[in-house]
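Trainee: So you can see what is in the structure, the chains are spelled out below.
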Amino acid sequence: MQVTINVNGEPITRDVEPRKLLVHFIREDAELRGTHWGCDTSNCGACTLWVDGEAVKSCTVLAAQADGHDVRTVEGMETEAGLDPVQQGFIECHGLQCGFCTPGMMMTARWLLDHNPHPSEEEIREAISGQICRCTGYKNIVEAIQWAADHPATSEVNA
Amino acid sequence: MQTPAPTDYVRATSVANAIALLEEHGEEARILAGGHSLLPMMKLRIARPEMLIDINDLDELRGIRVEGDELVLGAMVTHREVLESPILSEHYAVFREAEKVIADPLVRNRGTVGGSMCQADPSEDLSALGAALRGTVVIQNSSGSRTVPLREFHEGPYETKVGPAEMLTEVRFPIRPGAGSAYEKVERRVGDWAVCSAGVFVTVKDGVVADCGIGLTAVGAEHFCAPDAEAFLIGKAPTEENLRAAAKLAGDASDPSSDQRGPADYKKHLAEELTFRALTRAAAASQGA
Ligand SMILES: Cc1cc2nc3c(=O)[nH]c(=O)nc-3n(C[C@H](O)[C@H](O)[C@H](O)COP(=O)(O)OP(=O)(O)OC[C@H]3O[C@@H](n4cnc5c(N)ncnc54)[C@H](O)[C@@H]3O)c2cc1C
Ligand code: FES
Ligand code: FES
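Same order as they appear, the protein sequences are chains Z and P.
Residue numbering for the first sequence follows the working numbering, starting at 1124 and increasing by one per position.
Residue numbering for the second sequence follows the working numbering, starting at 536 and increasing by one per position.
Derived by calculation from the structure, the hints in this document are not laboratory data.
In this text the structure is predicted, and so the values were computed from the model without any measurement.
Any given hint might turn out to be false.
[Unchecked claim] With beta-carbon atoms standing in for the labels, derived distance ranges:
1) P/549 x Z/1138: 45 to 51 Å
2) P/763 x Z/1134: 55 to 61 Å
3) P/561 x Z/1151: 42 to 48 Å
4) Z/1217 x P/541: 40 to 46 Å
5) Z/1217 x P/772: 54 to 60 Å
6) Z/1177 x P/624: 18 to 24 Å
[Stated by the list, open to error] Here are the computed lysine to any residue pairs in the SDA-like style, where the Cα-Cα straight-line distance is at most 20 Å:
7) P/696 x P/563
8) P/635 x Z/1252
9) P/635 x Z/1155
10) P/696 x P/677
Every residue gets a Cβ at the ideal spot worked out from N, C-alpha and C, and that includes glycine.
Using the sequences and the hints given, assemble the complete structure.
Mentor: What follows is the structure in C-alpha cells.
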C-alpha cells in the first residue's frame, strides 16, 4: 500500500507492506536513523517519536496507521534558531553516555515540557518511566530535563 | 527482529462500516485500536490476523461524558484521557489511581479502554476496575446493540462476549453519590503488569456500608470480582475488623497460579492485603475523612 507520512514537516510517500512498523519506515524509508530501535517489545522507549503531537513508541505503531498524519522525530528538534533547550540540557548536564536511549528520552522530555513547563523531579521520572537507559542511572537525564525547564528561551540557549 | 506476519489493512469510516468489514472478512479480521496489545501479539505470531480494521478515525467512539446517572466512555478513549479526565476523577478516585499505574505514559497515549476490555488479559487493570464498579459494556453488531454487565463479559482468559462480527462501542459506569474508591497495585517494576491489583468502591451511610464493589486482577478471581466479600460488608460498620474479614474473603476469591511474578501463596496474600488497604482508604473517603 502507498502511504504519505508528514515527517518533520516534509511529506514522504512510499510503498510499504501494511505490516511495516513505523520505526522501520522512519529508519529505512525516511532514512532518519536518529530514532532508535531497541527492545522491539514496547518496553525500552528507544523508538519514541511523536505522532500528531503525542509521544509514542513507534515499534508498536504501523506505518499504515501514520498515513496522512504528522510525525516528529529527533531530527526535527533543532530549529533555525538552534538546538532545542532539551538538546542543550543533555549537553550541559551530561545526560548521555552511549546515546542509545537519548533520542527517545529527548522526544519524551520535549513532550513533557510542552504540557508541563515546570515539572517536579517526580513528574520527570514518571514521564520517562517507559524508557530504559543502561548507562546513566537516569540522574543526569533528569537534570538535563530540569535544565531545559529552567532555560525555556531558545535565545538564551544560543547566547 | 520481530515483525508481524503479512496482513492487510483498512481504515473503517464508521462503526457500521467496521462491522460490515468484520462480516466481509470473517474470523481472520481483527479490529485495530491502540495496537498496544495486538501488535506485540502479532510480532510474536500469537495473533495472525489477515485483515486489520483500524478504528482510530471513528470519532463516534471517542469522548467521556455523563449520561443520566452513568459515566460513559467511548471505546477509543485512551488510558491517558481516563487518567486526566476531571469528570471521572470527580466521581471516582479509582480511575486516576488505576491509570497512574497502568503501563507507562507512552503506552497510555495509545492504549484504549475498548482495547483493554477486549484484550481481556487475566492481568488487565481496567478489568478489575470495571468489575469493582459493576460497569457495563455496549456491544454492537449489524442488527443492533446490547448491554452486557462486565461481571458477565469475560468467558475466560483473552475471551469475551464480543463475537467475531461485533464491536465494543462503549463502557458505562453507574454514578454513586457519596461513594469512596481506591486502587492498590503491586508490580515488579514501574510500568509492568500487576502481580496483583485490587480496586474497590465503598458507600458508607449512617455509619454502615450501604454498597460496595471489589475487583481483583492477575490472581484468577472469577470475573475479576469478590462477591462474598462484598455481601459480608453490606450493613456492617467499616471497622478495621470488618474490613479485614472482608479482605480475607477477597483473598479466598482469588485462585492465583505461580509464575515469574511470584508464588501463588504470595499473590493470595497480596489479594487480601491490597483489598484491605483499598477498602480502608475508600471507606474513609466515603466518610469524608
Ligand atoms: C509495555 C506495556 C505495558 C503494559 N502494561 C499494562 C498494565 O500494567 N496494565 C494493563 O492493564 N495493561 C497494560 N498494557 C496493555 C495496554 O493497556 C494496552 O493498550 C491495552 O491492553 C490494549 O488496548 P489497545 O487499544 O492497544 O488494543 P489493541 O491492541 O488495538 O487491541 C486489543 C484486542 O482487542 C480488540 N479490540 C480493540 N478494540 C476493540 C473494540 N472496540 N471492539 C472489539 N474488539 C476490539 C483487538 O482486535 C485486539 O484483539 C501494557 C501494554 C504494553 C505494551
Ligand atoms: S524498540 Fe520500541 S519500545 Fe523498545
Ligand atoms: S546513554 Fe546509554 S542507554 Fe542511555
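Trainee: Take the hints in turn and mark each one as holding or not.
Mentor: Hints, verified against the model:
no.	hint	verdict
1	P/549 x Z/1138: 45 to 51 Å	violated, 28 Å
2	P/763 x Z/1134: 55 to 61 Å	holds, 60 Å
3	P/561 x Z/1151: 42 to 48 Å	violated, 33 Å
4	Z/1217 x P/541: 40 to 46 Å	holds, 45 Å
5	Z/1217 x P/772: 54 to 60 Å	holds, 58 Å
6	Z/1177 x P/624: 18 to 24 Å	holds, 21 Å
7	P/696 x P/563	holds, 18 Å
8	P/635 x Z/1252	holds, 11 Å
9	P/635 x Z/1155	violated, 33 Å
10	P/696 x P/677	holds, 16 Å
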